[in-house]
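K.L.:
Here is how the chains run, residue by residue.
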Amino acid sequence: MTADSPASAPLRRTPLYDLHVAAGAKMVPFAGYDMPVQYPLGVLKEHLWTREKAGLFDVSHMGTCWLRGPDHATTARALEALLPADILNLKPGQQRYSQLLAADGGILDDLMITRPEGVENDGSLLLIVNAGCKDADYAHIAANIPSGVRLEVDENHALIALQGPRAVAVLSKLVPGVESMSFMSGRFAMLDGQTVHLTRSGYTGEDGYEIAVPNAHVAKVWNLLTATPDVEAIGLGARDSLRLEAGLCLYGHDIDTTTSPIEARLQWSIQKRRRDEGGFPGANRIKTELANGPSRRRVGIKPEGRAPAREGTEIQDTSGKPIGTITSGGFGPSVNGPVAMGYVESANAELGTPIQLVVRGKPLPAVVANMPFTPHRYVR
Amino acid sequence: MAIEKFSKDHEWIRVEGDIATIGITVHAQDQLGDVVFVEVPEVGRKVSAEEAVAVVESVKAASDVYSPLTGEVIEANADVASTPGLVNEDAEGKAWFFKVRLSNPAELDALMDRAAYDEFAKNG
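Protein sequence lines correspond, in order, to chains A and V.
Residue numbers are given in our numbering: position 351 of the first sequence equals residue 351, and the series is strictly consecutive.
To convert a position in the second sequence, counted from 1, into our numbering, add 1000.
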């Protein structure tokens, strides 16, 4: 081991790195990886293409791990001790979004949990966590699961996401039957002779799939998909504007250890049994915030002019009193205007509340707006 | 015959008489990517060299546009403010940002010519 700081550590590459470079992608450091921020199409067109047709994203930097125990109930209860979602009642093939919580109810990371199909997988859960948090997540999970349940990090699979209204038509040609999958479900399937794991999910607000492919085969699958006229490779730039328009949180920006799931308006991801029973980190705080309302809330924000308001922008009430901060903001290509989200004091969180955003020293008018900014098009 | 100059902040400057027209370079718009917002200065504003007077924002980030020269803004381009994509289409033509009546033309000597700028942009 060396004493190198993370900043000086060499950037990691996904198995698709060479293809990105060959395609003319602009590569940037992201969460310790050298990742494509955009391809020659550019962020704006990549964003619009994904909403109209299908975009293919390399999300192999994200962390994939398995939690394995003797049976579903044992593994589910081990994970439920770390997060507030109902895992016990997940059916085989069902996927759920949740957050790893700190003892004070702050969010350590957000993640997707899938209970895989098949009796041979009983007792296993598939977790997808954020790239920037994965090492800390693995350490946290490993340190807090009972003996008899073990964490198995999967370094053998790359993860790609096919997102957009044409995703189902494109993928069903390669994997017949995926059209019948419902949103937030997963299954194993054969793709070009390889076993892959598919979920009908994503982070763009569009219909689509995330596909875990063995590292050695992912370049071939990527090429198969991008050879389809409806599919373009899409970089992290458009991924960010797509998820922002969809009102989805980005960890480290819209949620972090200082925000609770209730402040972040993620209460939909805490099922009733868990609210009633508790038994997860920060349960008391979450119970109190559910009952009395949190002191601040994440809201959608629509600037009235054309100027984007970026992360860190001060939010004021109309008298000029600071009431919060923007956590994500920019230009929404599908909205064709600026969009943002941030936290405001709960008294100012009502839809339609006029607010102002201090951009380059000037207060610009904005309004608390409904999210998503573009309608979700998930297939239920 | 107009004099053409370039700044280290990637602005182009075209000078005719004592009037300088200022915009951002093709290289700059290429670095920015898709431009989605432009704010131009008000006519009549007195600006000094190196002062941030306009804004250009791409999908990715916001950047200041500086006046490379001291003087008074006599015209601002409403077209580029209403159609920011002009910057990507014609950065060194239709997408000019503002015009300044120079009060100190000697400042031009500190700016680069095209050959020097191309070299600068290649290495920056």
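Be aware that one or more of the hints could be misleading.
[Claimed, not checked] Listed below are the simulated DSS-like cross-link pairs for lysine-lysine, each with C-alpha atoms no more than 30 Å apart in a straight line:
#1 K287(A) with K53(A)
#2 K1122(V) with K220(A)
#3 K302(A) with K1060(V)
#4 K1060(V) with K53(A)
#5 K362(A) with K1122(V)
#6 K26(A) with K1099(V)
#7 K26(A) with K1122(V)
Everything labelled a hint here was simulated from the structure, so no lab data went into it.
K.L.:
All hints, please: hold or fail.
P.N.:
Here's how the hints hold up against the structure:
Straight-line distance between C-alpha atoms of K287(A) and K53(A) comes to about 42 Å, which puts the hinted pair past the 30 Å bound. Simply put, K1122(V) and K220(A) have alpha-carbon atoms about 35 Å apart, too far for the 30 Å limit, and the pair is violated. For a cut-off of 30 Å, the pair hint linking K302(A) to K1060(V) stands: about 18 Å separates their Cα positions. For the proposed pair K1060(V) and K53(A), the alpha carbon gap of about 22 Å is at most 30 Å, so the pair holds.
A distance of roughly 36 Å separates the Cα atoms of K362(A) and K1122(V); the hinted pair therefore is violated under the 30 Å criterion. As the CA atoms of K26(A) and K1099(V) are separated by approximately 34 Å, the hinted pair breaks the 30 Å bound. Distance check on the hinted pair: K26(A) and K1122(V) sit about 16 Å apart at the alpha-carbon level, within 30 Å; holds.
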